[in-house]
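> In case you want the letters, here they are:
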Amino acid sequence: MSRPDVTLVSALMSPVGRKVLTGVTGIGLVAFVIVHMIGNLSYLSPDPQAYNVYAHKLMSLGWLLYTVEIGLALCFLLHAVVGVSIQVRRRRARPVGYKAYKSSGSPSRSGYSARSMIFTGIILLGFLILHLNSFKFGPGEAEGYTAMLQSGEEVRDLRRLMTEKFREPLYAFGYPVVMVLLGMHMRHGVWSALQSLGMMSRRLSPYIYAFAALLGALVAIGFLVVPLYIYFSA
Amino acid sequence: MAKDMTINLRIWRQKSPEAPGKLVDYTVSNASEHMSFLELLDVLNEQLIASEDDPVEFDSDCREGICGSCGVMVAGIAHGPQQRTAVCQLHMRSFEDGDTITVEPFRARAFPIVRDLVVDRSAFDRIIAAHGYVSVKTGSAPDANAIPISKDAAEEAMDFAACIGCGACVAACPNGSASLFTAAKIEHLALLPQGQVEASQRAVAMVDQMEAEGFGDCSNYAECEAVCPKGISVSGIASMRRAYMKGVFSK
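Sequence order for the protein chains is B and S. Just so we're aligned, residue 19 is where the first sequence starts under the numbering used here, counting upward by one. Just so we're aligned, residue 140 is where the second sequence starts under the numbering used here, counting upward by one.
In isolation and in its complexed conformation, chain B is listed as follows:
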């Protein structure tokens, strides 16, 4: 038997490679989401300018920030494209479905979070676009959203924008709902990424699965406290 001809590209196009791509990009996105969540929590700091200071520091990273942003955009794109292609293949692999179907239960991980990955994923993608439009590309210094830091520097007043947005019920309650979906997506996604990258053994699996659920819940809570705090402290 001759050695099959494998290249990195052919491997990444294979069923294993598609999972590896989803996993690697997913881990990149999880890292981003955690950093973003911790950054948001600075809104709750006793120093009223803490959030603006954080945002300003981030923006002044320059090329480093752009590199990370391009990397993240690629992660989102690849993650979405592969995710959708897996869904398309699913249809092809079973053209005639079952009249009766149900999960056999544990050790199956096929719960609500796992079965809704494509839906939570699509909602998160839509959310991402709206979110970038509201904040990243939202009103800035040109529109009068300016804050004076203690150093005397004038920066974009993101804190004011955030406060105004989350005083609106649609934002204050819409965001937390999406964050719960993000938590669900992560619950299956984190365990799935590690399984896809081959970092799983029979002994580790239950712990990793519990860790994924915990991480998903923590990220969702970390994100949704800020909008709810802003709304209810008005």
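Hints were generated in silico from the structure; no laboratory data involved. Where a beta carbon is used, it is the ideal one built from N, C-alpha and C, also for glycine. Be aware that one or more of the hints could be misleading.
Stated by the list, open to error - Computed far set for chain B versus chain S, every beta-carbon distance over 10 Å:
(1) 47
(2) 50
(3) 56
(4) 77
(5) 96
(6) 153
(7) 178
(8) 183
(9) 185
(10) 188
(11) 199
(12) 232
(13) 250
As the list claims (entries may be wrong) - The list that follows gives simulated cross-link-like pairs (lysine-lysine, PhoX-like), each with its CA atoms no further than 20 Å apart:
(14) B:183 - B:154
(15) B:117 - S:154
(16) S:161 - B:117
Could you slot chain S onto chain B? The hints should help.
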């Protein structure tokens, strides 16, 4: 003597691969809780033959859970509601008198229906043919302990070797993936010295064949492990992925 049970069945009937199929209702009123599910189908078939109807076709052979011939969807679950048993070892005591049970064939594009509940699983044979073996002659069984193999490795290899190739993993997978079967057939060899040498090229050849057969992608639902009559762990799928990616870097 146990009291008779009445079981209502809704069974997928399809005359040929191309013919349209449909669920047909039957009632077996003299079932016993001690019968296996296949014996219930036998009783139904006797009824059908007596009334000059076509019996329901289904695969079965050993009827002791080791051959991998039988396998149907019972009440929406591959091999039925009792875990770690093939449908031949599923007994009617798992059901209640008067239950209505839907019975369908294992469905996947790579498992075309032959007739009724019989599907063609030769896609599995082609995955094995791709590299589910050790290329060199390893001789007859070596003397015990002549090749040092740790107890853990031996046990784990044996766990993967327990795969009977029934296809329940594919049938239960929401995506119709054959990852658990392929992983089991790769891992039971990869864990032992005779199989280690070709581990990554074996993984590449078998995964590529799995793809060529038209099975779906794995989404790590682990539904396969839950329905596997041998309880084969999805950790094998993780190992298969490691072996596959190693194939890229070790030439």
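> Would you mind marking each hint as holding or not holding in the structure?
How the hints compare with the structure:
1. 47: Non-interface label stands for residue 47 of chain B: nearest chain S Cβ at 17 Å, farther than 10 Å.
2. 50: Per Cβ check, residue 50 of chain B is outside 10 Å of chain S; nearest 21 Å; holds.
3. 56: The claim stands: residue 56 of chain B keeps its Cβ more than 10 Å from every Cβ of chain S (closest is about 27 Å).
4. 77: 37 Å, holds
5. 96: 15 Å, holds
6. 153: 32 Å, holds
7. 178: 43 Å, holds
8. 183: Given a closest Cβ separation of 35 Å, the condition holds.
9. 185: 40 Å, holds
10. 188: Since the minimum Cβ distance to chain S is about 33 Å, residue 188 of chain B lies beyond 10 Å and the statement holds.
11. 199: Residue 199 of chain B is indeed farther than 10 Å from all Cβ atoms of chain S, at 17 Å.
12. 232: 18 Å, holds
13. 250: Holds: least Cβ distance 38 Å, greater than 10 Å.
14. B:183 - B:154: 13 Å, holds
15. B:117 - S:154: 18 Å, holds
16. S:161 - B:117: Within the cut-off at roughly 10 Å; holds.
Going through the hint list in order, the structure satisfies each hint without exception.
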